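Number of protein chains: 2
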Amino acid sequence: MSGSSPGPPALDVVGIGNPLVDVLSHEPDAFLDEHGLVKGSMALVDAARAHELYEAMGPGVEISGGSAANTMVGIASLGGKAAFIGRVRDDQLGEVFAHDIRSAGVRFETSPAREGLPTGRCLILVTPDAERTQNTFLGAAAEIGPEDVTEALIRDAQVTYLEGYLFDQPLAKEAFRHAARVARGADRRVALTLSDRLCVDRHRDDFRALLEGPVDVLFANERELLSLYEVADFDDALQQVLHHCEIAALTRSAKGSVVVSADDVHVIDAYPVNGTVVDTTGAGDLYAAGFLYGLTHGYELGRCGRLGALAAAEVISHIGARPEIALADAAAAILV
Amino acid sequence: MSGSSPGPPALDVVGIGNPLVDVLSHEPDAFLDEHGLVKGSMALVDAARAHELYEAMGPGVEISGGSAANTMVGIASLGGKAAFIGRVRDDQLGEVFAHDIRSAGVRFETSPAREGLPTGRCLILVTPDAERTQNTFLGAAAEIGPEDVTEALIRDAQVTYLEGYLFDQPLAKEAFRHAARVARGADRRVALTLSDRLCVDRHRDDFRALLEGPVDVLFANERELLSLYEVADFDDALQQVLHHCEIAALTRSAKGSVVVSADDVHVIDAYPVNGTVVDTTGAGDLYAAGFLYGLTHGYELGRCGRLGALAAAEVISHIGARPEIALADAAAAILV
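Chains H and Z are the protein sequences, given in the same order. Numbering follows the numbering used here, with no gaps: position 200 of the first sequence is 200. Numbering follows the numbering used here, with no gaps: position 180 of the second sequence is 180.
Please keep in mind that the hints were generated in silico from the structure rather than gathered at the bench. Among these hints, one or two may not hold up.
Claimed, not checked - Stretches of chain Z that chain H covers, calculated by requiring three or more beta carbons in the stretch to come under 8 Å of a beta carbon on chain H: (1) 60-66; (2) 84-95.
Unchecked claim - Over 10 Å on every C-beta distance to chain Z, these chain H residues come out as not near it, computed from the model: (3) M42; (4) T127; (5) R132; (6) H266; (7) V277.
Note that the structure is predicted; figures quoted are calculated from it, not measured. In this text, a Cβ means the ideal position worked out from N, Cα and C, and glycines have one as well.
Generate coordinates for the entire structure from the input sequences, incorporating the hints supplied.
What follows is the structure, given as structure tokens:
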């Protein structure tokens, strides 16, 4: 960060994304076939389809989720100062989402909408192989617009973190661009996560333009990166991304991650999981949390990546996409 | 059951109780002290107190609960035919409750209320010793009245099962008595669970009158039974209960259970838990499920008790008060 910023930022990161409540049920593989679902995918569904799937699902458990929201919770768990911007309705699921993120220590001040679609949810079918098939009804989240972007929060944060999923809605896209402009105007950094391979397929040109424009830090997993550049080989994609943003943190599941900048390249192993891998949801979200905590606390990039790996390893060791322990304690053990 | 009943009942059991959604969070012991909570107790709270506690609680997980509702889900999981009567609002938590119980195979046809208090919930604080401290906001459940008791369901069920917690509300008490009258009029059995020691303290005379009146089958744990008869010794209470109802199934945690009738006494060991005891909530509810499944399928009383012990052992081996496996499979293994 340059010295021309208007004062020390009060926040480390502000995330903008889809506030969702996850609804999880265990289903046999046959359920996916019957309902035309592709195992492991994330599909956007409308209210009617969400209703149809929910009717067919077994008993569920509700737990707050949403990609950028999970990342902000991870940053708070590491001891960082995080805020979240996203649109819920003034309904019970909206209250649950707001309660959960606030009680995790994240600032969340977006006023709940008083009309329109209900709070968004993600119907998650867990098959016996522990794979998850996600069906997201965005609901109120999809109607976020530039007026929901609290400029003071953006100016107060070292980094504004944008969730690629938001790109599916024209108004949300505007909110995104507005936030990026405000951040850049205040000499802050802008980070983007590509979110999903299919999301990249839908918005490839937009994402590339963002990388060549206001985005400083890119988060992507291997499949998303290959889709972005329409190449088949990780190294081919790597050669391209280097020219398009200041920092790229590229995750490769069990193969670890690669962090690149103009000056640096770090190849980081996956952090060992305590016990077995129970549920991989949230791995990317928490990697970003660890990385951004490090970046906003002046760590060198390799250490940022290792902290990301540690946070990801914790979240995949249990059900749910938010940490179950204070990550600050786990981080202290490896970062002394 | 006598041959004078108006035809073979279509249902095994119909339960009447409080439909609740449990909200669980992990808290340190200090949380209980700060908020004046007694570890392991179940307190009834009003909307303001529920709000205050929820604000103070950490991030939560939502999962359907309610004592009699859990029992009906257990009966369905054993392959029995169960229905549930209870009052939710037409809100999101009401939809969650209805979805979860129906998709578990239980008939639930009570129309959601269109006005009044929201769907009830139970705020459950899990301390590091795995104990649970429950704070129940009954909400819409408390406003159940005789008009909510679907007489056809009562007449169609071999047993009508009543949750003692309902006794805290005058209208609900009426609903209770109405259901018992309808059941007896159709020559069906009436079962009662005392629910909670403090609940017995509040309604001792009413419960005793019920036992001397319409109730055929009593479920109680040791503390509830001692409170009912205001004695200090289990055997003293046992001598009294024998004169007051046809069958009593008395649970004693790790000491197992005692089942008594005019002709029989069975002393049944606790069923071994697969792994460790993770969460004792629902043990009594699932014991009742196994017992009632047996009773409505012509099992002798000792076998009813052993099936209850098996169902209770499953539910305490994991978080949550409803079975995670098809109990029918587990039961088949021991009952061949």
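Quick rundown of the hints versus the structure:
1. 60-66: holds (count 5)
2. 84-95: holds (count 3)
3. M42: Check passes; 22 Å lies beyond 10 Å.
4. T127: At about 15 Å from chain Z, T127(H) clears the 10 Å cut-off, so the statement holds.
5. R132: Holds: least Cβ distance 17 Å, greater than 10 Å.
6. H266: holds (32 Å)
7. V277: holds (19 Å)
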